[in-house]
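S.K.: Listed below are the residues making up each chain.
Protein chains: 2
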Amino acid sequence: MSPHEIEPVIAALDAGSDAAVARLTEILKIPSISTEPDHSPDCKRAAGWCAATLNEIGFKASVRETDGQPMVVGHYKPAGGATGPRVLFYGHYDVQPADPLEEWDSPPFEPRVTDDGENGKVIFCRGASDDKGQFMTFLEACQAWKKVHGSLPLAISVLLEGEEESGSPSLEPFLAANRRELAADYAIVCDTGQWDRDTPAITTMLRGLAFSEVVITGPSRDLHSGMFGGPARNPIRALTGILADLHDKLGRVQIDGFYNGLREPSLDQLAQWKALQFDEAGFLDGIGLTRPAGEARRSILEQLWTRPTAEINGIVGGYTGPGTKTVIPSRASAKLSFRLVPGQQPDRVLAGFRKFVEDRLPDDCSVEFANEGGSPAVGFDISAPAFQVAARALEEEWGKPAILMGCGGSIPIVESFKSELGMDSLMVGFALDDDRIHAPNEKYNLRSFRKGARSWVRILGGLAEL
Amino acid sequence: MSPHEIEPVIAALDAGSDAAVARLTEILKIPSISTEPDHSPDCKRAAGWCAATLNEIGFKASVRETDGQPMVVGHYKPAGGATGPRVLFYGHYDVQPADPLEEWDSPPFEPRVTDDGENGKVIFCRGASDDKGQFMTFLEACQAWKKVHGSLPLAISVLLEGEEESGSPSLEPFLAANRRELAADYAIVCDTGQWDRDTPAITTMLRGLAFSEVVITGPSRDLHSGMFGGPARNPIRALTGILADLHDKLGRVQIDGFYNGLREPSLDQLAQWKALQFDEAGFLDGIGLTRPAGEARRSILEQLWTRPTAEINGIVGGYTGPGTKTVIPSRASAKLSFRLVPGQQPDRVLAGFRKFVEDRLPDDCSVEFANEGGSPAVGFDISAPAFQVAARALEEEWGKPAILMGCGGSIPIVESFKSELGMDSLMVGFALDDDRIHAPNEKYNLRSFRKGARSWVRILGGLAEL
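Each protein sequence line maps, in turn, to chains A and B.
1 is the number of the first residue of the first sequence in our numbering; add one for each residue after it.
1 is the number of the first residue of the second sequence in our numbering; add one for each residue after it.
Wrong hints could be hidden among the right ones.
Copies of one chain are not kept apart here, so a pair can be met inside one copy or by any two copies together.
[To be verified] DSS-like cross-link-like pairs, simulated, lysine-lysine; straight-line CA separation at most 27 Å: (1) Lys249 <-> Lys355; (2) Lys325 <-> Lys418; (3) Lys325 <-> Lys44; (4) Lys146 <-> Lys77; (5) Lys60 <-> Lys147; (6) Lys355 <-> Lys325.
Rather than coming from a laboratory, the hints here were simulated on the basis of the structure.
Whole structure, please, built from the sequences with the hints as guidance.
M.R.: What follows is the structure, encoded as structure tokens:
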């Protein structure tokens with residue numbers, strides 16, 4: 001058997017699928033919510049589980065402390081010396097908070113496999129798709145390969161992060177401090193989606209992100225709206241007034257300089273997107289909507305892939321419990337985020353936002369900004385060999401050409417890999433639009449899980465031949 | 001001696017002031033906290049004390065059970081047949097909880113008389129001002145009158161409630177069930193304050209209230225702002241956009257018909273308010289503000305007493321926990337309330353608000369309204385004889401004209417007396433802004449107590465002459 005033969009590994013994967021789901025279930029059960037301090041022990045437990053699993057496969061892996069949640073790093077060097085490029089695989093073991101809990105059909109951290117009719121067997125759990133199910137496809141591929149061939153075909157390092165859902169504060173320092181150890185030819189990132197259920201995709205563009213929290217304070221204390229209502233400044237009114245000004249009637253963001261430096265898509269790009277025959281009505285229908293709400297006269301793919309946004313992700317002020325309370329609160333706050341495209345700098349966008357708010361602040365209100373951060377957008381050269389290999393491998397597995405697509409989301413790690421380690425990232429993932437990531441009843445199709453692992457086997461085999 | 005002669009009664013009051021303070025001390029010692037079930041026996045004990053005290057004066061009084069804390073009702077009919085109007089006096093024997101206990105300088109239910117320098121002798125105790133000290137001014141006036149003249153000058157009924165501090169759930173049913181028994185020409189309510197330490201006041205206007213909760217739904221589920229941001233409708237943006245429209249730049253509420261039927265204050269009223277030389281800067285400074293935020297070109301007293309408001313009392317949507325979460329939520333909601341003035345109907349204001357929201361609802365959003373309710377404003381005809389008598393009596397006692405003032409808040413009992421029993425309420429009280437009602441170290445000035453009782457003697461004498 002050739003050392004890079006693929007079919008026996010695929011067969012081993014298929015034969016071991018029950019054990020693979022059992023391993024996925026183990027890690028899904030750990031509620032590793034990185035934004036909630038109460039769940040810090042769970043994050044540590046998840047990291048320990050990941051390191052142990054890598055060691056079982058044959059990696060030399062350990063849990064590495066940071067100022068926040070730990071990293072898991074594992075290295076594998078083929079016994080006979082490596083061929084092909086060195087790769088660094090990235091995933092994250094932390095998950096989003098599960099709230100609102102009451103909207104889940106079953107407890108968010110009790111994995112449940114069921115046939116949902118539309119997708120066949122799916123596994124429900126917070127993190128099933130983002131990102132535990134996804135990174136486990138790669139580990140399962142490695143496991144099967146090692147079992148069949150006795151050695152992996154490439155020098156592979158694995159980096160699993162525990163703070164992706166809370167802004168990755170420890171990641172850049174960790175990369176900077178371990179540059180030599182983590183250096184590779186390519187990063188492989190499994191945190192993205194397919195084009196659709198039957199069509200694989202490589203994500204070659206990612207929007208960036210900038211985020212901020214704005215806190216407006218009016219009166220020095222909460223007031224009774226009868227005794228003070230009228231003359232007293234209401235900070236909720238101040239906040240809603242400012243936020244309502246963020247977009248004009250055509251959906252354009254009104255922050256000064258927000259669109260400076262942006263490029264329009266090329267005619268080629270526009271033609272390629274048009275050829276995708278993207279189902280705009282179906283996309284909207286899937287989320288209960290009928291009309292695109294972004295900038296006027298832009299297609300949905302443009303609005304998602306190459307146009308920046310300003311969104312209010314959360315707002316709170318005053319009394320929000322049951323019934324009524326006639327209070328004028330002392331403060332109100334909102335969390336905002338901006339999706340960025342190439343040409344925009346997070347710091348400049350945030351400075352523009354602060355000025356936008358300050359310019360509109362009513363009398364007697366003060367403002368503070370908190371929780372700021374972000375990363376710029378990225379776009380890769382898709383003619384590079386690793387991209388070509390991955391595209392062919394995906395087509396073999398799925399029977400359809402892989403779409404080279406943009407992504408409306410941000411994967412800050414990809415920007416950090418470029419800036420800290422000088423690597424491009426091969427972003428291949430198997431998530432689907434209906435996986436409900438970041439929402440109640442998140443799920444991952446078992447078909448995504450199985451064919452995802454098979455896809456990685458083919459990609460690893462292809463990379464080993466480079 | 002004429003049967004309505006006042007000065008001998010005043011003299012009797014002054015001579016008996018030590019005994020009066022002793023009686024006040026007795027009732028203050030009973031911790032009749034109506035919101036705390038542990039104190040139910042104390043509420044019953046306080047009700048019993050009040051009934052006994054009324055009976056000692058010569059009323060025919062009893063404790064009347066309700067589903068909650070009991071009412072105390074007493075009736076007095078002058079022996080020789082009544083002259084003047086029949087009056088129903090209202091007060092409440094229940095008190096606010098005393099917490100935070102550690103902020104009291106002495107135990108909250110051990111009345112303590114001390115000279116505080118600024119106010120002369122004051123009595124510290126929970127309930128000293130709200131409302132035990134206040135309603136006892138009236139009972140002391142009756143006691144002295146009866147002692148001197150052998151009979152009270154009017155048909156007087158007394159209603160003392162035990163649930164005012166817990167929303168008065170039993171009051172309307174009790175009024176409805178005892179309409180005939182409690183019917184009178186005027187209610188007299190002693191639960192309000194003076195203009196300042198030396199200036200008496202009659203409260204003749206109370207703003208009404210309408211309240212509603214608006215819930216806007218956009219996408220059918222929470223969305224990832226990267227994967228959907230741009231084309232997806234954000235309900236927080238819809239909500240803030242609509243709420244930002246509620247007021248124009250001059251602070252006027254933009255709901256259609258909101259100001260219909262409102263009357264401007266008379267030139268007399270405006271002149272009287274101007275003469276009060278209300279300390280606008282001091283009022284605002286007390287709540288950390290420097291400029292009135294209500295309708296432009298209205299004084300603070302107008303904004304508080306005779307102008308309606310629209311306030312956002314609470315708002316919530318999306319992620320509001322620590323850190324950041326790039327979600328586009330499915331829904332967002334806000335609680336609003338409207339302070340109303342005479343001429344406005346709660347139902348019409350709420351209908352106008354619903355239409356205001358519906359007219360501005362963006363594509364693909366739906367709206368629901370919840371938690372609606374309210375009560376209209378009350379404003380009494382101050383040219384009515386009882387108001388004129390009371391104003392004159394107060395001026396005699398205090399040496400300064402009584403201020404006819406508004407109150408920005410609502411006193412539901414006054415609305416109930418109007419709607420259930422068809423009576424206007426004469427609201428006269430002697431509380432001061434520094435009495436710390438609802439707060440630690442509540443006190444009542446003994447001067448308020450003494451001159452309050454003297455004021456009632458003069459008011460009763462005046463009413464008897466009508």
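S.K.: Taking the earlier hints as the rules, which of them does this structure contradict?
M.R.: Checked against the structure, no hint fails, so every one of them is satisfied.
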